[in-house]
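Protein chains in written order, with the working numbering: chain F, 1 to 217; chain P, 1 to 217.
To be clear, the hints were calculated from the coordinates, so they are not data collected in a lab.
Just so we're clear, the structure is a prediction, and the values are computed from it rather than from any experiment.
It cannot be assumed that every hint is accurate.
Unchecked claim - Subject to a maximum C-alpha distance of 35 Å in a straight line, what follows is the list of computed DSBU-like cross-link-like pairs (lysine-lysine):
{"#": "1", "chain 1": "P", "residue 1": "Lys56", "chain 2": "F", "residue 2": "Lys89"}
{"#": "2", "chain 1": "P", "residue 1": "Lys89", "chain 2": "F", "residue 2": "Lys87"}
{"#": "3", "chain 1": "P", "residue 1": "Lys179", "chain 2": "F", "residue 2": "Lys87"}
{"#": "4", "chain 1": "F", "residue 1": "Lys87", "chain 2": "P", "residue 2": "Lys87"}
{"#": "5", "chain 1": "F", "residue 1": "Lys68", "chain 2": "F", "residue 2": "Lys35"}
There are 2 protein chains.
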Amino acid sequence: MNTLAEENYLKSIYHLSINAENVSTNQIAASLNTKASSVTDMLKKLADKALINYTKYQGVSLTSSGEKIAVNIIRKHRLWEYFLVEKLKFKWDQVHDMAEEMEHISSAELIDRLDEFMDYPQHDPHGEPIPDCNGRFKASELKPISTLSVHDSGTISGVRDHSSSFLQYLEKQQLTLGKKISIMEIVEFDHSMIIQMENKKEIHISREAANNLLIAL
Amino acid sequence: MNTLAEENYLKSIYHLSINAENVSTNQIAASLNTKASSVTDMLKKLADKALINYTKYQGVSLTSSGEKIAVNIIRKHRLWEYFLVEKLKFKWDQVHDMAEEMEHISSAELIDRLDEFMDYPQHDPHGEPIPDCNGRFKASELKPISTLSVHDSGTISGVRDHSSSFLQYLEKQQLTLGKKISIMEIVEFDHSMIIQMENKKEIHISREAANNLLIAL
DNA sequence: TAAAAAATTTAGACTTATCTAAATTATGAA
DNA sequence: TTCATAATTTAGATAAGTCTAAATTTTTTA
Ligand SMILES: [Mn+2]
Ligand SMILES: [Mn+2]
Ligand SMILES: [Mn+2]
Ligand SMILES: [Mn+2]
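Work out the full structure: start from the sequences and follow the hints.
Shown next as structure tokens:
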């Protein structure tokens with residue numbers, strides 16, 4: 001088994017790898033709230049364990065065994081988030097930090113039974129896909145509503161920013177997963193958007209918000 | 001917050017305190033599978049934090065704040081065990097090690113909602129009482145069936161030994177919580193007992209087993 | 001293409017939690 | 001009551017994970 005710190009590093013590298021082939025020391029340090037020197041130390045350990053490909057100064061990528069571990073942590077994270085929202089009735093903005101701890105509970109049988117107990121959910125409360133017990137999942141094909149044009153429409157299916165403040169704002173505006181919206185107007189000046197809900201109500205959202213609200217067409 | 005190691009020490013001291021006013025260094029070392037010297041180191045830290053009363057060579061006892069923390073860990077342990085058995089359908093001999101990890105999940109709100117979700121269970125799968133969110137619980141008034149006499153009867157309500165081997169043995173003999181039994185005979189020679197189940201079936205159990213099976217009259 | 005700036009690594013230190021071996025204190029049997 | 005033994009503590013190491021400050025390498029910019 002790997003330590004809690006190792007698991008968090010692998011998960012961070014996995015998430016950062018979505019944007020870039022190789023992940024830099026500073027990116028990892030920023031995402032884990034540590035110092036670059038601490039990251040370098042850990043990278044050596046992970047490389048020794050053959051969980052990452054690492055050459056000095058060149059950044060890192062996960063090996064396939066490192067990726068497997070990362071995906072498993074993410075599976076646990078997302079299943080626990082689903083549990084907290086669906087069974088314990090937490091709000092979607094409250095569950096991330098708890099899941100950050102729970103994702104390190106080691107038993108594979110526990111997580112598989114939890115998955116079964118909840119009837120194999122496909123997405124976590126933020127719309128992220130939940131890997132199955134073999135680590136397989138469909139990469140979500142969502143895109144920010146900021147990429148849409150006037151008259152386009154679709155269903156809110158994910159968020160890019162998981163911060164409490166953003167999620168609470170969305171909740172207040174009823175911009176929650178599953179809601180259908182269409183674009184009424186895009187303001188030239190600041191790229192803010194006026195969108196219409198199914199109940200015809202119109203909401204004005206900033207470019208920033210539009211960049212972080214994901215939609216399935 | 002306290003570290004995982006600190007929490008485990010407090011819990012161990014709590015359990016050992018049931019038999020004796022003061023708990024010895026060696027007792028703690030045995031229960032946590034560490035060395036006496038490691039225990040001494042930790043006792044100093046816990047004493048500095050005012051979680052235990054400690055004077056060199058004299059053993060330790062919990063302060064009220066130490067006890068509060070210990071009871072809270074035990075509450076979490078027993079609620080997670082109950083969850084694993086009642087919701088995820090694990091057997092009673094499978095859940096202890098998982099709960100040993102889960103008891104360290106920190107959120108109090110999480111555990112209170114879990115408690116509510118399961119409708120405030122009073123006992124864990126081994127018959128141990130579950131403290132409420134204020135740390136209150138009734139000390140169980142169970143006694144080993146080895147203390148009974150011929151013709152006495154009662155309901156199996158707990159086990160003293162939580163090892164897989166004992167629990168699996170009991171399961172196989174149908175000696176599970178809630179079953180009513182009565183004492184048919186006590187063998188002079190080795191203090192083994194012949195007990196009768198509700199269905200009139202008779203089972204012969206060793207003195208050792210009888211010492212570890214608890215009953216409510 | 002040579003500085004300057006930025007990124008990364010190394011050196012040395014600290015904390016937590018362990019350990020072994022040695023020293024000290026307590027205990028209980030003669 | 002004394003001394004051998006058992007229990008406990010201290011001394012000195014080690015490993016994981018982190019930090020600051022200094023050194024090194026890479027990248028950018030002029
Ligand atoms: Mn999350
Ligand atoms: Mn985590
Ligand atoms: Mn248990
Ligand atoms: Mn534990």
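Check the hint pairing F/Lys87 with P/Lys87 against an upper bound of 35 Å on the C-alpha distance. 11 Å, holds
Please work out if P/Lys56 and F/Lys89 have their alpha carbons no farther apart than 35 Å. Violated - the C-alpha atoms of F/Lys89 and P/Lys56 are around 49 Å apart, more than 35 Å.
Does F/Lys68 pair with F/Lys35 here, judged by a C-alpha cut-off of 35 Å? 26 Å, holds
Can the restraint linking P/Lys179 and F/Lys87 be considered satisfied, given a maximum Cα separation of 35 Å? 31 Å, holds
Between P/Lys89 and F/Lys87, does the CA-CA distance stay at or below 35 Å? 16 Å, holds
In this structure, only the earlier hint numbered 1 is contradicted, and the remaining ones agree with it.
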